[in-house]
Amino acid sequence: MLLSRFQPFEWIVASRFLREGRMQSLFIIVGIAIGVAVIVFMSALLQGLQTNLVKRVLTAQAHIQVLPPKQTARIQHGTDAALHADQIQAPLQRLQSIDQWQAVLHVLRAMPEVHVASPTVAGSTLITRGAASRALSLTAVDLALYQQIINLSEKIVAGQARLDANDILIGTELAADLGLGVGDKLLVQSATGASNYFVIAGILDLGNKGANQRTGFVALHSGQSLLGYPGGVTVIDLTLNDVYAAEAVAQRIQALTHLQADSWIKTNAQFFSAIQSQSLANTAIRFFVGLSVAFGIASVLVVSVVQRSKEIGILRAMGISRGQVMRVFLLQGGLLGLGGAVLGCFLGILFLQLWLQMSRGADGAPMFTITIDAMMLVEALTLATLTGLLAALAPALRAARLDPVVAIRG
Amino acid sequence: MASQSSIPLAAPVSDLLAKPVVQLIKVRKSFNLGESTEVEVLHGIDLVLNPGEFVAVMGPSGSGKSTLLNLVGLLDRPTQGQLRINGMETTQLDDRALTQLRGRSIGFVFQYHHLIGAFTALENVMLPMVGLQGYPTADIQARAMALIDSVGLTPWCDTPSSRLSGGQQQRVAVARALIMQPALVLADEPTGNLDTLSANAVFDLFRQVNRQHGTAVLLVTHNPELAQRCDRTMEVIDGQVRA
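First to last, the protein sequences are chains E and F. Going by the numbering used here, the first sequence wraps up at 410, each residue one higher than the last. Going by the numbering used here, the second sequence wraps up at 1243, each residue one higher than the last.
Just chain E, same shape as in the assembly (with noise of 0.2 Å):
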C-alpha cells in the first residue's frame, strides 16, 4: 500500500499529481535548476571575482590610516575691527607627527572593529648610489606589527624581510634602476638634510610598477629619527575584522579622535564603486531570474488547475475542505522550487568545476579561487522554495474557490 500513515492527505495528493504529470514536472524542474544553478554559479563567480580584487587591493594597503588633521587657515579675531579677510589662501599641508599617538593607539586597539594597529612613520627621501640619486617614498614601520596589515614576507624576491637598526627593504624597479642588491648599502637623504647609510636586506616586489620604483620601508625607530620625529608618527594604519565596514569605521575614529582617518573605501572610490556596481548587477540578475522560475511555476500549476478541474470538484464533493486543496497546490509548488534548487545546486557547482578548469592563467595556475559557500546552497534552495510557495498561491488559491458543482460538471 503506497498510501502512508505518516504522510498528510495534502502531501500524498500533490506528490502524486506531481508524479502523475511526470513529463510537466521534470521540464519546470529543469526550468528552475537552469534559473538556480546561473543564480549560483554567477554569485559564486562574483563573489570570488570580488573577494580576489579586493584582496589585491588591499595587500598592498591598510584598511584605514589615520593622520594627523589637515591645517586650515582661521582668520583672526582681534579687537580691531577694521580687520577682514577678502582671500583665504589654503595653508600648506607640513608633515606632522600624530599628537599624543600612544593614547589614540590605545583607543583605537580598544575598537572592537580594529584587527592591528600599527604605528608608521612616512616621508619623501632621496636615495644616492654613485653618481645616481632617485626620490623615495620612505615608511618606517614596526615590522612584527606591519606584517599583519601588509604581508612584506610575501612580497620578498630576494633577501628577507627584516627590519634591523640600518636595515632597508626597497622595491625591484628601483634595485634595477641603481643596481642595488642584497646587502649593499645605500644613503639616504630626508628633507630636513639628515641622512643616514643603510644595507639592503631584502627586495620587494610591490606588484606595480611605480611603486616598486620609489618605496623603501625601514625599521620606525630609524625613520623617526632620519625624517625628524623622534618619537612621533604620522600615520597610524588599522586592519579591521570586516573591511566593508571600514567607511563607517574610520568615520567613527574621525568623531572620537578628531583625527583623519581615510579608509580604503574612500581612497578607491572608483574601485569600490565598481564592485558595488558588480553586486547590484548580480542582484538584479538574480531577481529576474527568481521571477522568470515564478512565473514558470505559476504557469504550469494555473494549467495543473484547470486540468484537473474535475478531480478538484470530486475530492471537494467527497468532504475534501478548500484549504486541504489549497495545499495541495502550495505544496506542488513548493516541491517544484525545492526539486528545482537541488537539482540547480548541483548544477552551478559543476558548472563551477568547469570553469575553473578552463579558465586557467598562464602557468596553469586557476586565475583566482572560488569557494562554494553552503550557506549560499542554502539560501538558494530555500528562496526556491519560498519561490515556489509564492508562485503556487493564485492556482492554489482558483482551486480552493472552484464551485464544485461547475467543476464536476466541467
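Bear in mind the hints are in silico, worked out from the structure with no lab data behind them. Please read these numbers as outputs of a predicted model, since none were measured by experiment. Take the hints with a grain of salt, since some may be wrong.
To be verified - What follows is a set of in silico ranges between Cβ atoms, one per label pair, in the way DEER data are often shown: (1) E:T51 x F:Q1100: 55 to 63 Å; (2) E:I372 x F:G1034: 57 to 65 Å; (3) F:G1062 x E:R19: 38 to 46 Å; (4) F:P1060 x E:S15: 39 to 47 Å; (5) E:R19 x F:P1136: 21 to 29 Å; (6) E:I372 x F:N1032: 21 to 29 Å; (7) E:L26 x F:S1165: 41 to 49 Å; (8) E:M358 x F:A1138: 53 to 61 Å; (9) F:S1165 x E:S15: 22 to 30 Å; (10) F:A1138 x E:V306: 33 to 41 Å; (11) F:P1136 x E:T51: 52 to 60 Å; (12) F:D1204 x E:L26: 28 to 36 Å; (13) E:V306 x F:Q1100: 23 to 31 Å; (14) E:R19 x F:L1197: 31 to 39 Å.
Unchecked claim - Below 20 Å or equal to it, Euclidean Cα-Cα: the simulated SDA-like pairs (lysine to any residue) are: (15) E:K310 x F:L1164; (16) E:K310 x F:R1163; (17) E:K185 x E:Y197; (18) F:K1026 x F:R1084; (19) E:K185 x E:D167; (20) E:K310 x F:Q1111; (21) E:K185 x E:L220; (22) E:K55 x E:Q270; (23) F:K1019 x F:R1084; (24) E:K310 x F:R1084; (25) E:K266 x F:E1235; (26) E:K310 x F:K1026; (27) E:K266 x F:G1087; (28) E:K55 x E:H115; (29) E:K55 x E:I349; (30) E:K310 x F:N1193.
As the list claims (entries may be wrong) - Just a few of them, taken from the derived set where beta-carbon distance is under 8 Å, the chain F residues facing chain E: (31) D1076; (32) Q1080; (33) N1086; (34) G1087; (35) M1088; (36) T1099; (37) G1103; (38) R1104; (39) F1110; (40) L1132.
Beta carbons: idealized from backbone N, C-alpha and C, even for Gly.
Assemble the complex: chain E is given as a structure, and chain F must be docked to it using the hints.
Leaving out everything else, chain F in the frame of chain E:
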C-alpha cells in the same frame, strides 16, 4: 461483475430511524444569469427521504434533477426553503461545516466515475477517509480492502484507476462512496455510461448496500427498468416533483 460477498458496513443509521435522512421543505433554486436575469430551476420542492429508502429520480434533461441532487448533496445551496440532512438544518451552515457534513454523511457516485487518476483502485477508495483525517491508516486500509473485495475488484486493487474498464471504475466509485458508511448515497446516472451487464451489476451493488445497512439511496436514472426496481420513483418535471 460485483462479488456476492456482503458490503462491510456497520449499521450506521439505527439511531437515525426516527428522522428522515433528507427533508426538503419548499426549496427553490434560482441561477443568476447576469444582467438581472434570474432563472428559477426548482420551484418549491418538498421531499422526504427516510432511512433505508431506495428512490429513483427520473425526468427529462434540464428538468432540474441534477440541481436537486447537488442541493441534497450540499454541493450547492437553495435560494429559499429548508434543507435538512439527518434532521440538521443546513441552510445556515458555513462552507466548512457543510464540507464536513457532506464528507461524513453523503456518498457520491457520478455518471462519469471521476476517479483520481493518480491513485490506484484501492487508494481511490481510501482517499475520502484519509482526507478527513483522524482514522488509523490500518483501519482505513482494511475497510477499503473489504469494500474493494465486495465489489469484486480484489485482483485489481493495486491497478492504477485509469487502467480499469468503465464498469470496474464505476464499481470503485461505488466503493469509494461507501467508505465513510454514509447515511445517504447520491447517484447521478451511475449506470448511464455502462453496458447492460455492468449497469445491472452496479445497480445490484446499490441495492445490496441499501438492504443490508439501511443506507438511503437517491438514484437519478433515465432507465425505466432500473427505476421500477427501486422502492419508489419520483419524477422531476419543470422544476417540480411528482411522486
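Hint check results:
| no. | hint | in the structure |
| --- | --- | --- |
| 1 | E:T51 x F:Q1100: 55 to 63 Å | 58 Å, holds |
| 2 | E:I372 x F:G1034: 57 to 65 Å | 59 Å, holds |
| 3 | F:G1062 x E:R19: 38 to 46 Å | 40 Å, holds |
| 4 | F:P1060 x E:S15: 39 to 47 Å | 44 Å, holds |
| 5 | E:R19 x F:P1136: 21 to 29 Å | 25 Å, holds |
| 6 | E:I372 x F:N1032: 21 to 29 Å | 60 Å, violated |
| 7 | E:L26 x F:S1165: 41 to 49 Å | 30 Å, violated |
| 8 | E:M358 x F:A1138: 53 to 61 Å | 57 Å, holds |
| 9 | F:S1165 x E:S15: 22 to 30 Å | 27 Å, holds |
| 10 | F:A1138 x E:V306: 33 to 41 Å | 37 Å, holds |
| 11 | F:P1136 x E:T51: 52 to 60 Å | 56 Å, holds |
| 12 | F:D1204 x E:L26: 28 to 36 Å | 44 Å, violated |
| 13 | E:V306 x F:Q1100: 23 to 31 Å | 28 Å, holds |
| 14 | E:R19 x F:L1197: 31 to 39 Å | 34 Å, holds |
| 15 | E:K310 x F:L1164 | 18 Å, holds |
| 16 | E:K310 x F:R1163 | 18 Å, holds |
| 17 | E:K185 x E:Y197 | 7 Å, holds |
| 18 | F:K1026 x F:R1084 | 12 Å, holds |
| 19 | E:K185 x E:D167 | 9 Å, holds |
| 20 | E:K310 x F:Q1111 | 13 Å, holds |
| 21 | E:K185 x E:L220 | 19 Å, holds |
| 22 | E:K55 x E:Q270 | 16 Å, holds |
| 23 | F:K1019 x F:R1084 | 10 Å, holds |
| 24 | E:K310 x F:R1084 | 27 Å, violated |
| 25 | E:K266 x F:E1235 | 90 Å, violated |
| 26 | E:K310 x F:K1026 | 31 Å, violated |
| 27 | E:K266 x F:G1087 | 81 Å, violated |
| 28 | E:K55 x E:H115 | 16 Å, holds |
| 29 | E:K55 x E:I349 | 23 Å, violated |
| 30 | E:K310 x F:N1193 | 17 Å, holds |
| 31 | D1076 | 5 Å, holds |
| 32 | Q1080 | 18 Å, violated |
| 33 | N1086 | 15 Å, violated |
| 34 | G1087 | 19 Å, violated |
| 35 | M1088 | 15 Å, violated |
| 36 | T1099 | 5 Å, holds |
| 37 | G1103 | 2 Å, holds |
| 38 | R1104 | 7 Å, holds |
| 39 | F1110 | 7 Å, holds |
| 40 | L1132 | 6 Å, holds |
Comparing the model with each numbered hint stated earlier shows that hints 6, 7, 12, 24, 25, 26, 27, 29, 32, 33, 34, 35 do not hold.
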